[in-house]
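Chain by chain, the residues:
There are 2 protein chains.
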Amino acid sequence: MRAEIICVGTELLLGDIINTNASWLARELATVGVSVYKHLVVGDNHNRLIVAIKNALEDNDVVICTGGLGPTQDDMTKEALAQACQLDMAQNPEALSWLEERFNRNGYRLTENNYRQALFPEGAIPLYNPNGSAPGCKLEYDNKVIYLLPGPPREMQPMFYEFIKPYLESKSDGVLRSVNMRIIGVGESSAEEMAKEIINKQSNPTIAPYAHFGELSFRITAKAEDEKKAYDLIKPVINDIEKIFGDNIYGFDDDTLEAVVIKELQNKRLTFAIAESCTGGLLSSYIVNVPGSSSVFKEGVITYSNESKIRRLGVNEETLKSHGAVSKEVAKEMAIGIAKTAKADIGIATTGIAGPGGGTATKPVGLVYTAIYYNNCVTVEEHQFNSSREGVRRRSALRLLDMLRRKLKGTN
Amino acid sequence: MRAEIICVGTELLLGDIINTNASWLARELATVGVSVYKHLVVGDNHNRLIVAIKNALEDNDVVICTGGLGPTQDDMTKEALAQACQLDMAQNPEALSWLEERFNRNGYRLTENNYRQALFPEGAIPLYNPNGSAPGCKLEYDNKVIYLLPGPPREMQPMFYEFIKPYLESKSDGVLRSVNMRIIGVGESSAEEMAKEIINKQSNPTIAPYAHFGELSFRITAKAEDEKKAYDLIKPVINDIEKIFGDNIYGFDDDTLEAVVIKELQNKRLTFAIAESCTGGLLSSYIVNVPGSSSVFKEGVITYSNESKIRRLGVNEETLKSHGAVSKEVAKEMAIGIAKTAKADIGIATTGIAGPGGGTATKPVGLVYTAIYYNNCVTVEEHQFNSSREGVRRRSALRLLDMLRRKLKGTN
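So the sequences go chain by chain: A and B. Residue numbers for the first sequence follow numbering that gives the first Met the number 0, so the first one is 0 and each next one is one higher. Residue numbers for the second sequence follow numbering that gives the first Met the number 0, so the first one is 0 and each next one is one higher.
Some hints could be false.
Note that the list lumps identical chains together, so a pair holds whenever it fits in one copy or between two copies.
Below, a list of computed lysine-lysine pairs in the DSBU-like style, where the Cα atoms sit at most 30 Å apart [as the list claims (entries may be wrong)]:
| id | residue 1 | residue 2 |
| --- | --- | --- |
| 1 | 242 | 137 |
| 2 | 342 | 234 |
| 3 | 234 | 327 |
| 4 | 362 | 262 |
| 5 | 164 | 362 |
| 6 | 195 | 222 |
| 7 | 320 | 342 |
| 8 | 164 | 228 |
| 9 | 242 | 200 |
| 10 | 143 | 53 |
| 11 | 195 | 342 |
| 12 | 339 | 320 |
| 13 | 342 | 327 |
| 14 | 227 | 53 |
| 15 | 137 | 262 |
| 16 | 228 | 327 |
| 17 | 242 | 327 |
| 18 | 228 | 53 |
| 19 | 164 | 262 |
| 20 | 164 | 327 |
The set of hints was computed from the structure by calculation and includes no laboratory data. In this text the structure is predicted, and so the values were computed from the model without any measurement.
With the rest of the complex left out, here is chain A (with noise of 0.2 Å):
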């Protein structure tokens, strides 16, 4: 089957907010064999409206719209659909209903513009909305199916789920399945060197390489008959890149670095604390952005100034003096002085210059310690990163929170 996606909104066409339904949608009609051939953003007018739609059809088995579905005289979606395919438009009962409900429930009265919200083109379906006030809707015609959704991705995800992968499942003929596999430490050129015989003679499942800052994952995806099958096709390959990059492996699918450390610490019953130079609250914030990360977190400090590493950690005055507070041995001092100040199993520690000012011909931005101590005993990683302010600060973060993976599994 073959789709196109048109998104319908003049903010779109503008740039003031970037187009992520289309791409959410493709990446959705992937999973169920559906092949799409354009992404089209198109304002709220009337006439290329019917063009686009018209020529969408023409071209296509299934289409895809979204926007314009709402109450104003901007929104005219339905309105060109019905044009495009010379149908008339006539009230829904079942929509009207849905709207009169969702407005008492909230006290409020349908103006004359919220009624257009249950006008739908003659045979359309109208799509319950169960998290907005603009139903969806989907209309066969000429054994073409289309369906208009709304704008919002919180509104039109939900809905697609509902009403329209169910349906493109029951008509393809197999089943598209990807695992992610997610990678750190290897860098994105290394990695596909590495992967690269595996990656070229395959041809079911695919393998696709994606670079994220500083992390990269590889996108394996099988087509079969039912999932079972084509689990069975990803598992070998699962296998092959097993065997390729060991424990640079962290995880699979949805899974964050944060969460899979957290959840190590966890299972090893184990506390930590963090002491943040440069990544300034940064990495504290990746770990309490984990649901029941409170478990293992016992607290972080900021230790911006010199003043604050020595009175909350306990760095010494004459270290910080000789060294200087971007140093291995202040970094060390650091995570000695958070796990003891915070009585945790673990202190992880990152002192750096961020820039974009501060760097010297021997100190240049980009320079990070990052430092463990746990169990008796610290290990400390000089890194240079070449990045921006806020780059230097997520890579440093980032590999602070693998160091401590690597440390917990006893890889490093």
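Position chain B relative to chain A; hints supplied.
Showing chain B alone in chain A's frame:
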């Protein structure tokens, strides 16, 4: 002038990367008075690419394509352009010398594939790419102009500024200039209601409201002969909006709330320190992301546990027992405690329930207290945020920053 944006790439089409180029280009084209009627995403498919380019050249004065200029067989945008315009491909000596120079500098030899990057449709002018190996090109055809640019934003954007923007400005009958006014502390719908009258009466400049995560901005855009005249049109609207929103306006254009607060602290020569519970380092992380923040930010602590609140901040054990960690009283003691222990002029603190677990009937998820200690006086606010874990944390951090901003201005 009328333009279309075509973004080429299978990874875009499959949704593996989000199309940020289209929205970036659309915003830039708006500033030079060019109207964009369509964004298109197509894969690396020869025939579909030819059709897309042909249609775009028929309907528009300017076409901008990004992507598909790399050295591999998958990269076929230039060949598609040549075929769409019935031109031959020819090696361009200047582009070849750029490639040779780049490869020599990096100590590599050109492979056969790389030579493809010096081939262009006859009559096209190659455009130098300082940040990558793929040159772009410009082709004038049938009174239209089409630009091909590389896909990576860090290569594409500087080339747009260097080669395309000046050309479009020279062709435009005027300039469009925008000013963004940044507002916090007013809900989206109330803000639109408050500004309704002035939004409706304007046609040049136009006024567009945008909401984003607890913040809001109004973009005022004027079209005029030159920059000065555009600004003369914008100025009275700024005054009108200032009259309506007063102290809720925290800045203009690229100002961030955190940078505005840091600057005000620097001006007043005041230092501050942060105690975070539910925000867990996020607020400190915003602060540290502002270059130069170290002159006023003394330190932060993330006192996620009760133990840590007592030990690091001197919060009273009794207060924790009788009121609970998420309470007005504990927020107050945290703010005082962080100011005193950090020896800072100002102490700010958050404590709350970010969810998804941890809520009760009397203290539901989303309940957050924010506190400021300054001049021997504590202000505490209670909030109920209805959002995800991350949303609750972000809104809490923004709200506390805004409280501090108002306190420093003497308006809270």
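To see whether the hints hold, each was checked on the structure:
1. 242 to 137: Answer is neither; intra-copy 47 Å and inter-copy 47 Å both fail.
2. 342 to 234: neither (43 Å within a copy, 58 Å between copies)
3. 234 to 327: Neither: 43 Å inside a copy, 53 Å across copies.
4. 362 to 262: between (36 Å within a copy, 27 Å between copies)
5. 164 to 362: Neither: 54 Å inside a chain and 39 Å across chains, both beyond 30 Å.
6. 195 to 222: within (21 Å within a copy, 53 Å between copies)
7. 320 to 342: Both ways: residue 320 and residue 342 sit 27 Å apart in one copy and 21 Å across, limit 30 Å.
8. 164 to 228: within (20 Å within a copy, 53 Å between copies)
9. 242 to 200: within (16 Å within a copy, 67 Å between copies)
10. 143 to 53: both (11 Å within a copy, 26 Å between copies)
11. 195 to 342: neither (47 Å within a copy, 57 Å between copies)
12. 339 to 320: both (22 Å within a copy, 26 Å between copies)
13. 342 to 327: Answer is both: 23 Å inside a copy and 27 Å across each meet the 30 Å cutoff.
14. 227 to 53: Result: close neither inside a copy nor across copies, 39 Å intra and 44 Å inter.
15. 137 to 262: neither (43 Å within a copy, 54 Å between copies)
16. 228 to 327: Answer is neither: 52 Å inside a copy and 57 Å across each miss the 30 Å cutoff.
17. 242 to 327: neither (34 Å within a copy, 54 Å between copies)
18. 228 to 53: neither (38 Å within a copy, 43 Å between copies)
19. 164 to 262: Neither: 33 Å inside a chain and 51 Å across chains, both beyond 30 Å.
20. 164 to 327: neither (54 Å within a copy, 47 Å between copies)
Checked against the numbered hints given earlier, this structure breaks hints 1, 2, 3, 5, 11, 14, 15, 16, 17, 18, 19 and 20; the rest are met.
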